[in-house]
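Participant: From first to last, the protein sequence lines are chains A and B. Just so you know, we're using the working numbering here: the first sequence kicks off at 1 and counts up by one. Just so you know, we're using the working numbering here: the second sequence kicks off at 1 and counts up by one.
Treat the hints as calculated values from the structure; they're not laboratory data. Wrong hints could be hidden among the right ones.
[Stated by the list, open to error] One-sided excerpt, in silico: chain A residues whose CB lies under 7 Å from chain B:
{"hint": "1", "residue": "161"}
{"hint": "2", "residue": "191"}
{"hint": "3", "residue": "192"}
{"hint": "4", "residue": "196"}
{"hint": "5", "residue": "221"}
{"hint": "6", "residue": "244"}
{"hint": "7", "residue": "245"}
{"hint": "8", "residue": "263"}
{"hint": "9", "residue": "264"}
{"hint": "10", "residue": "275"}
{"hint": "11", "residue": "324"}
[To be verified] Heads up, simulated DSS-like pairs for lysine-lysine below, C-alpha to C-alpha not over 25 Å straight-line:
{"hint": "12", "chain 1": "A", "residue 1": "5", "chain 2": "A", "residue 2": "76"}
{"hint": "13", "chain 1": "A", "residue 1": "271", "chain 2": "B", "residue 2": "256"}
{"hint": "14", "chain 1": "A", "residue 1": "204", "chain 2": "B", "residue 2": "256"}
{"hint": "15", "chain 1": "B", "residue 1": "63", "chain 2": "A", "residue 2": "285"}
{"hint": "16", "chain 1": "A", "residue 1": "269", "chain 2": "B", "residue 2": "270"}
{"hint": "17", "chain 1": "A", "residue 1": "271", "chain 2": "B", "residue 2": "203"}
[To be verified] Examples of chain A residues toward chain B, derived with CB under 8 Å:
{"hint": "18", "residue": "195"}
{"hint": "19", "residue": "219"}
{"hint": "20", "residue": "225"}
{"hint": "21", "residue": "260"}
{"hint": "22", "residue": "265"}
Note that CB positions come from ideal geometry on N, CA and C, so glycine has one too.
Chain by chain, the residues run as shown.
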Amino acid sequence: MNIFKPLLQIKDLSVGFNGAHEGNPVVRGVNLEVGPGEILGIVGESGSGKSVTCFAVVRLLGERGWTEGEILFDNKNLLECSESEIVSVRGKEIAMIFQDAQSFLNPVQSIGSQLLEALFLRKDLAGSPGSVYRKEAVKLLTEVGIPDPERRMGEYPHQLSGGQNQRAMIAIMLAGNPRLLIADEPTTALDVTIQAQIIRLLKKICKERNMAIIFVTHDLGVVAETCDRTVVMYGGRIMEAGPVDEVLVKPRHPYTFGLLLSKPRVDMKVKELYTIEGVVPSPEKLPAGCPFFDRCSNVIDKCKDNPPPKIVEGERHFFCFNPEEGGVVWNR
Amino acid sequence: MEQVTEILEVKNLSKKFHLKKQKMPWQKKKYVHVLNDINFTVNTGEALGIVGESGCGKSTTAKIIMDIYSPTSGTIKFKSNELTGLKGEEKKRIRRNIQYVFQDPMGALNPRIPVVEQVYEPLIIHYGRNIKEQYQKAVSLLESVGMSESLGKMYPHQLSGGQRQRVVLARAMILEPEILICDEPISALDVSIQSQVVNLLMKIREERGITLIFISHDLSMIRHLCDSTAVMYMGNIVEQGLSETVFPNPLHPYTKSLINAIPIPDPRVKREDTIVEGEIPSLLNPPSGCRFHPRCPVAMAKCSKKVPELKILSDGRKAACFAVEKGVVQ
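Kindly generate the complete structure, drawing on both the sequences and the hints.
Facilitator: Next up, the structure:
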């Protein structure tokens, strides 16, 4: 076995926004890493900080955002890079795809010209004739499974369906040969059959290009189908992290447990859905301890004021004073 | 055994929308056919799930039942009353028995009125003003959906998404309808809130014996909540039957691929890789014959020529597929 060498390492990352709630970070003490050829799933509900973490990696938080900690990409701290250095990372080393392809693509430019624009940034192609670029563009569109790519090059986003636009966006992002792809809810807006196609495409790309992928989603089902490892976030903190085979089969954190059991399954009849009472807390009301304490069924006295300890079990770890013991029992 | 009575009957329902205004008399009118000859019945106390991908016509069906759109052809019967063509007081009297819950609660609520007033507003419209009594009724109904009186005095923007959806549910329930139509009521909510609303819906059903038509693209939720399921594709019902016969053993190739495409949150479950290729064709230019045939793995020559009818099979379910009829698909 070769030694796992992470491509991206996030160490003790905290993110907050200036303004009324300046002192309340929306992401607190996040540690994660992802290596080449691996898909890492970040799961969480709205407001859990999963997207903000991703935006921090590519430094897209804007002027109001502040960050603490380290984001090491190939042993270079992205948070300390100058603006010009980060520009050379975005798109070329780290690419990001979004939920809404329709608003990502420029409506008045053809798919081809948007793809070529991304290809012109490629150093290894510099100085080649236009036909080389065109060939490369068609190759990319074929790779992402767009039928009849020659013709599609001249078409505009409104002429393509939602799934095709999603594929076109992935092609544009692959143009720079990135080593890390961040996919922020790439399938949420799509129909289920198209979602299955896009998931298969991302898995194929990950394998063929030996790329690292961070897959952000709120659907544990998608994580089970797609990812190798997963990080479960809630209220800006990591609740549980580890290989999918362990975390989703025998969750130890009560939040993962509840999240898993609160959705019915299509392949079996579930008698009653588990409910997590209450609502997701807003970032200004997060407690000093575990953010899940007021909705947790395993809550004990010290949960509110003390941050729970990190417990490591094999390849997985979780943060909880009173973890779940038994595995998930479906069909209760 | 309880007697099964039909409460709603939808017969040969079709709907086409004008695409473009006919500017000159010699120009051809263009239509888009959204629903083709939909037939189904709902029994009293039953929960029917209508499932399909975007553009399949599931919401249009519900909106026609609600009289938001008028059908191009076909009839809808509530008990023994024909719903299309009702007028005046009679329409009000019969229509009050069917209520609707929208997907987006923020859009369904008036942002300038405290929610409790919106909950009893239907009572004023239908029975006249009697604020004291109606207020009490609204508050007790809000309590039964898990909202306190003080929350009722708030405005929609002060509530969370789950609370807003509870308000919309209470408002739909206040006229004590016999049929509740829920159009994607949970898809805008977070997973942990979804299960709260679904459990509430199940509680309401149990307590009041209400008939539920639940529209969703989420097959797992349909299986959990509904007794029977109708699967739609491009304006046709392709398979229909009891949830416990359809889900474990889908027959129509589309239902099969749809169920196979739903991710299961259990990495131990390994399924056959039968992802359906291609995308849903445009309704403006639908394929001939069976609308699923360009994507269908078991398509035959006949499929592109003739439209298969929805036929009753031996186990009581209905499916519209030549391959199923022939016994190619088991």
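Participant: In ascending order, which of the hints set out earlier in this document are inconsistent with the structure?
Facilitator: Of the numbered hints, 11 and 15 do not hold.
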